[in-house]
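These are the residues of each chain, in order.
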Amino acid sequence: MRGIVRGTAKITISILLIGTVASVSARDAFPAGQRVSALFFGEIDYRKRENQGSDGFDHTQGVAQINVQLGQRFRAFTELTATKRRNTDLRSEIERLSLHYTFSDQYKLSAGRYHTPIGYWNSAFHHGSWLQTTISRPQTAKFGSFVIPIHFLGALLEGNVGNSDFGYKVGYGNGRSEQINDPGDIGDIGDGSNGDTAWLLAGSYRPLGRHRLNTGASLYRDKISPEFGPDIDEELLGVYLALEGEAPEVVLEYTYSKHESSLSEGNVNSIYGQVAYRLPGKANKFKPYFRAEHLDVDDDDPLLGALGLDYKGYTAGTRWDFSSYVVLKAEVRREEFDNSGYRNSFWLQLAFVFDATSARESAAARRAAQNRGAR
Amino acid sequence: MFRPRLVLGLVLALANATVGFAKEPSVAIVVHPGVEVSNLSMNQLRRIFLADQQFWPDRSRITLLVRAPGAAERELVLDQIYQMDESQFRRYWIAKIFRAEVPSGPKIVWSSNMALELITAVPGSITFIPAADIDAHVKVVSIDGLLPDQPGYPLR
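Going down the list, the protein sequences come from chains A and B. The opening position of the first sequence corresponds to residue 191 in the numbering used here, with each subsequent residue numbered one higher. The opening position of the second sequence corresponds to residue 3 in the numbering used here, with each subsequent residue numbered one higher.
Since the hints were derived computationally from the structure, they do not count as laboratory data. Ideal Cβ placement from N, Cα and C applies to all residues, glycine included. Treat the hints loosely; a few may be bogus.
30 angstroms max Cα-Cα, derived DSBU-like pairs, lysine-lysine [to be verified]:
{"#": "1", "chain 1": "A", "residue 1": "Lys359", "chain 2": "B", "residue 2": "Lys141"}
{"#": "2", "chain 1": "B", "residue 1": "Lys98", "chain 2": "B", "residue 2": "Lys141"}
{"#": "3", "chain 1": "A", "residue 1": "Lys448", "chain 2": "A", "residue 2": "Lys413"}
{"#": "4", "chain 1": "A", "residue 1": "Lys475", "chain 2": "B", "residue 2": "Lys141"}
{"#": "5", "chain 1": "A", "residue 1": "Lys332", "chain 2": "B", "residue 2": "Lys98"}
{"#": "6", "chain 1": "B", "residue 1": "Lys98", "chain 2": "A", "residue 2": "Lys475"}
Output of the computed footprint for chain A on chain B, the stretches with three or more beta carbons under 8 angstroms from beta carbons of chain A [claimed, not checked]:
{"#": "7", "segment": "28-40"}
{"#": "8", "segment": "55-68"}
{"#": "9", "segment": "99-105"}
{"#": "10", "segment": "139-153"}
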């Protein structure tokens, strides 16, 4: 517990330092056309699991995002995380870092490290715990997942298709490294690697409307050179449908992957469905939710078959937005890992977001309006 | 069977309804004078305010100015254009920034005066003000071919 407190203090100090620098810098230090904005997310998690020790306050995480507009068309994006788990050292990481050049709404080119845009959850929420309704992520997209490559290091071309509600992404990058849950940051080339890069193609359809439908599909291909054994071809298909409103909020996501080596081949099927509903009237600070998920890995799968990743899980809980920027979530999970019988657990999460730029600009605008005398 | 009182009553009721309709407050969409757009469809307007469209047809960047919470015109825009309440609106922009789809949220203005000053000062800017606050120096954009004082105008 003392380690968690120390970790939380370090994370808070780091976030405040970064925030102070970003906000002060943004105030007036940049030439015309340049602008800095910053977002900070934080979370503190508590867990109690059935028949298992090592429970209690589990981990804290702080996330700092800094956006730098470098002119009309250039901008840089950075996301840093600092995580303190019980009995581990404070770990910090550059989660995302990318440089963007925007030609138009139809063509936006960027290079850097991303959350791989496969399916919905991985790019919609990722470290933004305050944003996501639940505490837990679906098993397929959880941190350190082997099922999909969580990060992607390379280049992306994306945009709208004409002036329609359709969008696209085309990516070309390093793919998975020898450690298959790493993104290949060290380069998917050289010693022990195959030199083949990965590519992805994604399309989405987001029509305007009160329920904010978002649906799409993505395809990812890579050749993986694992630490042991022959090279493996990987093909991954993700499809999703989401209603991004509050009443209801729905996410359905299916991921299929196929792995082939000279020795064997196998498939992975993963599906989950999540429904949440913001209660009406005076209870509108509460949003109950439920999610069911299923992950099935062929025993013969040359990449994932030996890892015991089969999973079934049910999650129910509620989110309480007791403040505009702070939320408390409580959920119970009933899960079965690798066909070993169901286990129950209870989780709590306190999550917050701080929009440094919006807060600063609002205060400045308010002062300016007061000085002029509002109409 | 002519009934003058009935006809008079109907005429008065119709006149009253027309006056009431005309007095219904509406919100005008105004842009920087250099923006080469004079009409937007409601769908285009939604895309711009949702930052799904971030560039004008001449490829200049769109700067969105949005009135701070508490103003009646903001409530109308949130309802008619965004189709969200305040908490959804806040969450929408945080998510948009989080996903690196925009560098920042809209610029906040605290009064119509401030909106009018900025709209002439910031190239490519777009905002909304009460139609009653329009003056001769402002470039008002029609929505689906209609201006705020015309019947059928959608933002009222």
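Item to complete: Decide if the proposed pair is consistent with the structure: Lys332/A and Lys98/B, CA atoms, cutoff 30 angstroms inclusive.
Response: Answer holds: Lys332/A to Lys98/B is near 21 angstroms, not above 30 angstroms.
Fill in: Restraint status (C-alpha distance of Lys448/A to Lys413/A at most 30 angstroms)
Measuring from Cα to Cα gives roughly 12 angstroms; hence the hint holds.
Item to complete: Between the segment 28-40 of chain B and chain A, see if three or more residues pass the 8 angstroms beta-carbon test, and mark the coverage as holds or violated.
Response: Violated - the segment 28-40 of chain B has 0 residues with a Cβ nearer than 8 angstroms to chain A, which falls short of three.
Worksheet item: Holds or violated: are the alpha carbons of Lys475/A and Lys141/B at most 30 angstroms from each other?
Response: Distance ~40 angstroms between Lys475/A and Lys141/B Cα, so the pair is violated.
Worksheet item: Are at least 3 residues of the segment 99-105 of chain B within less than 8 angstroms of chain A when you compare beta carbons?
Response: holds (count 5)
Worksheet item: When you check the alpha-carbon spacing of Lys359/A and Lys141/B, does it fall within 30 angstroms?
Response: 36 angstroms, violated
Worksheet item: Between Lys98/B and Lys475/A, does the CA-CA distance stay at or below 30 angstroms?
Response: Given pair Lys98/B, Lys475/A holds - Cα atoms ~22 angstroms apart, limit 30 angstroms.
Worksheet item: Given as covered by chain A, does the segment 55-68 of chain B meet the bar of three residues or more with CB within less than 8 angstroms?
Response: holds (count 6)
Worksheet item: Taking a Cβ-to-Cβ distance below 8 angstroms as contact, does the segment 139-153 of chain B have at least three residues touching chain A?
Response: That given contact is violated, which follows from only 0 residues of the segment 139-153 of chain B lying within Cβ reach (below 8 angstroms) of chain A.
Discussion item. Would the hint linking Lys98/B and Lys141/B be met if the CA-CA limit is 30 angstroms?
Written reply: 29 angstroms, holds
Going through the hint list in order, the structure does not satisfy hints 1, 4, 7 and 10.
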